[in-house]
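2 protein chains.
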Amino acid sequence: MTIYFAASISGGRGDQAIYMQIIELLRSHGTVPTEHFGDPSLTAAGESLADGAIHDRDIEWLRRADVLVAEVTTPSLGVGYEIGRAVEWGKRIVCLYRPAEGRRLSGMIAGCNAIEVHRYDDPTQLPAVLQSALSIS
Amino acid sequence: MTIYFAASISGGRGDQAIYMQIIELLRSHGTVPTEHFGDPSLTAAGESLADGAIHDRDIEWLRRADVLVAEVTTPSLGVGYEIGRAVEWGKRIVCLYRPAEGRRLSGMIAGCNAIEVHRYDDPTQLPAVLQSALSIS
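Just so you know, the sequences run in chain order A and B. Residue 11 in the numbering used here sits at position 11 of the first sequence; the count goes up by one each step and never skips. Residue 143 in the numbering used here sits at position 6 of the second sequence; the count goes up by one each step and never skips.
Simulated from the structure, these hints should not be mistaken for lab results. There's no promise every hint is true.
As the list claims (entries may be wrong) - Derived list of chain A stretches under chain B, where covered just means 3 residues or more per stretch with a C-beta under 8 angstroms from a C-beta of chain B:
id: 1; region: 3-10
id: 2; region: 70-76
id: 3; region: 108-118
No residue lacks a Cβ here, since even glycine has one placed at the ideal position from N, Cα and C.
Here chain A stands alone, though its shape is the one from the complex (with noise of 0.2 angstroms):
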């Protein structure tokens, strides 16, 4: 299985170590080719490649996977972005999100019913939420 996963980079790195998190988690269910995505050298500035080059890579990317998995607890608009098109491509999308005072998720997301959101409280809970996020097929 192929694996898109999205994470907020320009929107702001704050769950960095969440996003490396996942990814470790997910590549015991399949490749992700967005891996670099986790890294911690790769800061709100983004990657040193034209904004061109970096968007068909990871179009493309999406359009081959199987799935995409996107935290969407920081909002982003390269996300959203990606989570748009994917639902006119009928991908299966799984959103994960981390509820929090004062934070409401995106009722764009949240409404859709193309999206599948899992709710976590703590990280400790991830190999569980993809294990039963993931294993429906």
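Since chain A is already given, all that's left is putting chain B on it; use the hints.
Quick look at chain B alone, frame taken from chain A:
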């Protein structure tokens, strides 16, 4: 002309006054179904409607619009999602972005050649930016 205006809600309302200004300007170019997105009483807690109802209403408005105008300075999942779906529909997409030190526009937006990005430094430039962006048909 029907203009779908997209702006951050759950992602943060720091630019709400600018959204209101943009909506006012857009009204001289056409009809704006999402004009309440500029409302100061609309907080990051969102509208008092079920997420599914918000999603379906907004997607229907977007589908019927002639153009999507999105303010993309504040990262937002919902705005990114709408842009992604509009790209798939071949809709015209105009993004407005205010650059600043330490901030970078998502590579997925800046690098997509189906999206026109118009940069502005100050809201006083918005009338001219929108005039030029929306007069090209």
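Outcome of the hint check:
| no. | hint | verdict |
| --- | --- | --- |
| 1 | 3-10 | holds (count 3) |
| 2 | 70-76 | holds (count 4) |
| 3 | 108-118 | holds (count 6) |
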